[in-house]
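**Student:** The primary structure of each chain is shown beneath.
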Amino acid sequence: MVLHTLRLATVPLTFTTSRLFLKPSPTLSFFSRHVQPRKPSFLLRAFSNSSAVQDTPLTQTSSDSSAARPPQWKAAIDFKWIRDNKEAVEINIENRNSNADLEAVLELYENMVTLQKEVEGIREERNNVAKKMKGKLEPSERERLVEEGKNLKESLVTLEENLVKLQDELQHVARSIPNMTHPDVPVGGEDSSAIRKEVGSPREFSFPIKDHLQLGKDLDLIDFDSAAEVSGSKFFYLKNEAVLLEMALLNWTLSEVMKKGFTPLTTPEIVRSSIVEKCGFQPRGDNTQVYSIDGTDQCLIGTAEIPVGGIHMDSILLESSLPLKYIAFSHCFRTEAGAAGAATKGLYRVHQFSKAEMFVLCRPEDSESFHNELIQIEEDLFTSLGLHFKTLDMATADLGAPAYRKFDVEAWMPGLGRFGEISSASNCTDYQSRRLGIRFRPSEPLQTGPKKGKANLPPTKFVHTLNATACAVPRMMVCLLENYQQEDGSVVIPEPLRPFMGGIEAIKPKLR
Amino acid sequence: MGLHTLRLATVPLTFSTFTSRLFLKPIPPNTLQTLGQFSRHVHPRKPFLVRAFSASPAAVQEIPPTQASDSSAARPQWKASIDFKWIRDNKEAVEINIKNRNSNADLGGVIELYENMVNLQKEVEGIREERNNVAKKMKGKLEPSERERLVEEGKSLKESLVTLEEDLVKLQDELQQVARSIPNMTHPDVPVGGEDSSAIRKEVVGSPREFSFPIKDHLQLGKDLDLIDFDSASEVSGSKFFYLKNEAVLLEMALLNWTLSEVMKKGFTPLTTPEIVRSSIVEKCGFQPRGDNTQVYSIDGTDQCLIGTAEIPVGGIHMDSILLESALPLKYIAFSHCFRTEAGAAGAATKGLYRVHQFSKAEMFVLCRPEDSETFHDELIQIEEDLFTSLGLHFKTLDMATADLGAPAYRKFDIEAWMPGLGRYGEISSASNCTDYQSRRLGIRYRPSEPVQTGSKKGKASLPATKFVHTLNATACAVPRMMVCLLENYQQDDGSVVIPEPLRPFMGGIEIIKPKLR
Numbered sequence: 001m002v003l004h005t006l007r008l009a010t011v012p013l014t015f016t017t018s019r020l021f022l023k024p025s026p027t028l029s030f031f032s033r034h035v036q037p038r039k040p041s042f043l044l045r046a047f048s049n050s051s052a053v054q055d056t057p058l059t060q061t062s063s064d065s066s067a068a069r070p071p072q073w074k075a076a077i078d079f080k081w082i083r084d085n086k087e088a089v090e091i092n093i094e095n096r097n098s099n100a101d102l103e104a105v106l107e108l109y110e111n112m113v114t115l116q117k118e119v120e121g122i123r124e125e126r127n128n129v130a131k132k133m134k135g136k137l138e139p140s141e142r143e144r145l146v147e148e149g150k151n152l153k154e155s156l157v158t159l160e161e162n163l164v165k166l167q168d169e170l171q172h173v174a175r176s177i178p179n180m181t182h183p184d185v186p187v188g189g190e191d192s193s194a195i196r197k198e199v200g201s202p203r204e205f206s207f208p209i210k211d212h213l214q215l216g217k218d219l220d221l222i223d224f225d226s227a228a229e230v231s232g233s234k235f236f237y238l239k240n241e242a243v244l245l246e247m248a249l250l251n252w253t254l255s256e257v258m259k260k261g262f263t264p265l266t267t268p269e270i271v272r273s274s275i276v277e278k279c280g281f282q283p284r285g286d287n288t289q290v291y292s293i294d295g296t297d298q299c300l301i302g303t304a305e306i307p308v309g310g311i312h313m314d315s316i317l318l319e320s321s322l323p324l325k326y327i328a329f330s331h332c333f334r335t336e337a338g339a340a341g342a343a344t345k346g347l348y349r350v351h352q353f354s355k356a357e358m359f360v361l362c363r364p365e366d367s368e369s370f371h372n373e374l375i376q377i378e379e380d381l382f383t384s385l386g387l388h389f390k391t392l393d394m395a396t397a398d399l400g401a402p403a404y405r406k407f408d409v410e411a412w413m414p415g416l417g418r419f420g421e422i423s424s425a426s427n428c429t430d431y432q433s434r435r436l437g438i439r440f441r442p443s444e445p446l447q448t449g450p451k452k453g454k455a456n457l458p459p460t461k462f463v464h465t466l467n468a469t470a471c472a473v474p475r476m477m478v479c480l481l482e483n484y485q486q487e488d489g490s491v492v493i494p495e496p497l498r499p500f501m502g503g504i505e506a507i508k509p510k511l512r
Numbered sequence: 001m002g003l004h005t006l007r008l009a010t011v012p013l014t015f016s017t018f019t020s021r022l023f024l025k026p027i028p029p030n031t032l033q034t035l036g037q038f039s040r041h042v043h044p045r046k047p048f049l050v051r052a053f054s055a056s057p058a059a060v061q062e063i064p065p066t067q068a069s070d071s072s073a074a075r076p077q078w079k080a081s082i083d084f085k086w087i088r089d090n091k092e093a094v095e096i097n098i099k100n101r102n103s104n105a106d107l108g109g110v111i112e113l114y115e116n117m118v119n120l121q122k123e124v125e126g127i128r129e130e131r132n133n134v135a136k137k138m139k140g141k142l143e144p145s146e147r148e149r150l151v152e153e154g155k156s157l158k159e160s161l162v163t164l165e166e167d168l169v170k171l172q173d174e175l176q177q178v179a180r181s182i183p184n185m186t187h188p189d190v191p192v193g194g195e196d197s198s199a200i201r202k203e204v205v206g207s208p209r210e211f212s213f214p215i216k217d218h219l220q221l222g223k224d225l226d227l228i229d230f231d232s233a234s235e236v237s238g239s240k241f242f243y244l245k246n247e248a249v250l251l252e253m254a255l256l257n258w259t260l261s262e263v264m265k266k267g268f269t270p271l272t273t274p275e276i277v278r279s280s281i282v283e284k285c286g287f288q289p290r291g292d293n294t295q296v297y298s299i300d301g302t303d304q305c306l307i308g309t310a311e312i313p314v315g316g317i318h319m320d321s322i323l324l325e326s327a328l329p330l331k332y333i334a335f336s337h338c339f340r341t342e343a344g345a346a347g348a349a350t351k352g353l354y355r356v357h358q359f360s361k362a363e364m365f366v367l368c369r370p371e372d373s374e375t376f377h378d379e380l381i382q383i384e385e386d387l388f389t390s391l392g393l394h395f396k397t398l399d400m401a402t403a404d405l406g407a408p409a410y411r412k413f414d415i416e417a418w419m420p421g422l423g424r425y426g427e428i429s430s431a432s433n434c435t436d437y438q439s440r441r442l443g444i445r446y447r448p449s450e451p452v453q454t455g456s457k458k459g460k461a462s463l464p465a466t467k468f469v470h471t472l473n474a475t476a477c478a479v480p481r482m483m484v485c486l487l488e489n490y491q492q493d494d495g496s497v498v499i500p501e502p503l504r505p506f507m508g509g510i511e512i513i514k515p516k517l518r
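Sequence lines, in order, name chains W and G. Heads up: the first sequence begins at 1 in UniProt numbering, then just goes up one per residue. Heads up: the second sequence begins at 1 in UniProt numbering, then just goes up one per residue.
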């Protein structure tokens, strides 16, 4: 489908400079002064992308205002810092296995700075001309000045247009630069992740065990077959005690996490795609995990991190209101495009699931300690449920672009015969807040400088954001069903959950 | 947008594409022949052709070539087991029903297409028979010239057959599309007329609470108590989305937990459901996943959409199956989030939580024998009334008038509760008996257990014929509207809100929502 193909472009669409390069345009010559055409990297990307654009029917290009135009929002990326720390950023990009094009970013940035100066120069010239014309002048001289002013104005219009385009390009190219990395994070791929903690031991079974799919079928708890007909593969119905177990898991988790001072939330599950981008996810692209709504610029959330991140978008918070700690309940929707393999069986990887997600906004100096608090909460929750798990400090190549550091918890799943990820806690420092525009104003006034009212206010800073899974229901169910199965085919409910499911102590086979 | 416009066609897609292919494109000779044959069976002056044409120029011409191959646009993906014979034999009743229900279904078009189809079927059978005769004749010894003549005859019969069979399929497809808009029949007790004709079924329960202080609406209460955030949601998602916060989150959970536990006591099986379903399931349940005023969000690049109610995925669970009579009734209480575009919704009643794009709901759904559906309809409305009475609401139950029924409903009871902030009654639940309207589309049958008494004992032949089950659906708890009722009715002079007793155990014993100290 054409519309789909359009959205599949891996390179951000705006960056498709095909408009700039393919059209006969007076702008072209000006523009190429600032971007050296010999740069192969991003030019190639732009061109290789253009085939997608050519497919687009005319109606698409003109009416689809949302997707294909200049960026709808601006990430407050600190380009100066990137330039001044080029080597560190380069190493970081390499360590994180990112394909970000630092050189292109730096070149675009330098070009932009140069162009900015040029624009300012011409503005000054124009002001000078205007100033000169205020006095009494020979008619010929006046005419010359009028002509000069006109020329300057024309140049200015062109240059300013170029500047906007250059800024837009810089935005798009720069957005792929990943967050910097905590110095303690192990460098390397998945195998390099360091074990931070290990709790419990695998339960030994004295009988042949079932996996959660079999248990779900035998106990009439999960229906994948009907869901495959009604919705597609990897969808499911929960039935009978499984419904109560889901509710108990969420209720218990909420009540535990609220005790730690978190504010409970439910969130919209349809959001503008710009919010998805600002949180560091790709709402489009070949392997996008994001379902888009037809005919709008909205998509379904893959995690409550997205709508919670958006709550304080474009605002300046009081330092005294920080930290803001949320525990949000939502359904999550993921295409799971490109997911395949053994670990995709049953509830382990599904298109829709319930999740309670923690989210913290705090001062930069506090984010590391909140990261520790979040992983501690996760570990406490899973320990209370009697799970056998380990906590990993994920290696550089395993971090998503927004994360400065990420701790995963992997629990033992007897049916799967291995550890499986059940939660993830990330410190995103200012990566998301620079995109979402979430700042705070430090409360202490600056000591230096004369007292001049507003000038005395300390400058705003970007908050740090952190997110952490409190309870991803289906994976918890895999753990609970598989670990707590009994020889008679029943499943025992862990004690903490019982009060939340009407005192049920075990799920027993139904009489049919 | 091309794709969007495409889906906007009010006439079913298959129908318009099909006709436009026949009429708008330069037609190859063999197709023309088909067309000639085809028009023998459908009179071109018929109104449904006009509908096809009016839909075709705008919608179809914009489709880029790749779209045309889109599977959804080719043929109906599924078949409703509509009882055409019954419709023909009860033409007057069906006609009156269509009129009473303010439906634009084209009964004349349906009956004519049906007759044409029956005739064409007969013709096809006739030619098949002729062909068999020819084949039979060729088994004997024949003069070479006679054999050649028969070969020739067989060949031309086969060609006619192929053409006619193609026409038959097309005719059947058209009949499907046109007939699907015929609404369910109506219970004889349902009042005939528009909204004002709906009859009060049950004497109003309770009375409007009298307030001794100036009251707030739920939006104001939600803001003052830090419970609901529409402003952030409109930035993040759009208007009519919201975050619940603090005690409101616990209240939602309490409402759902309490409802589930109450309804489970009546023998209902709890479910959670997929919220993304194939659009064909939405159609089979009697909703329009496409069209100008569609309430349905579609997923980009797939044939899936978001559910507007759990009725859809629960209706789909037993799709295309034959149930045991002993398994009936099947009673489900399903929890899901619901998504609605609310296209075309405007006016005063759209304020705050009353009309939103996404909300949580617990929905009851029953599959039963036809003879039991009226009883279960009464049971469902009784459960609703009991639930709302327990929460202390002031409400009335309506037997909705014919023009207010959706196409699937045979009868519908709505409950409207008093909302002080709104200053009027607002719908909080709806219980419909859809008889076999949905089951004929979803293909849900059962086999009666008693063997047929008559006839000789011949094994399988003595199995009784399958019948379509009846389906019913009823709201147990639509969270946002319940919140409107609870917040507005239980507000106190000091700005706090009292939690009704039954919900307290489900929200950690909280008795009251008090203003936060900030």
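By construction, these hints were calculated from the structure, which means they are not laboratory data. A hint or two may mislead.
Facing chain W, a subset of chain G residues (Cβ under 7 Å, in silico) [to be verified]:
#, residue
1, PHE211
2, PHE230
3, ALA233
4, VAL277
5, ILE281
6, ASP300
7, PRO313
8, LEU323
9, LEU324
10, LEU328
11, ARG355
12, GLN358
13, GLU374
14, VAL498
Beta carbons are placed, not taken as given, at the ideal position from N, Cα and C, and that holds for glycine.
**Student:** Run through the hints listed earlier and report the numbers of any the structure violates, in increasing order.
**Tutor:** 1, 2, 8, 9, 10, 11, 13 and 14
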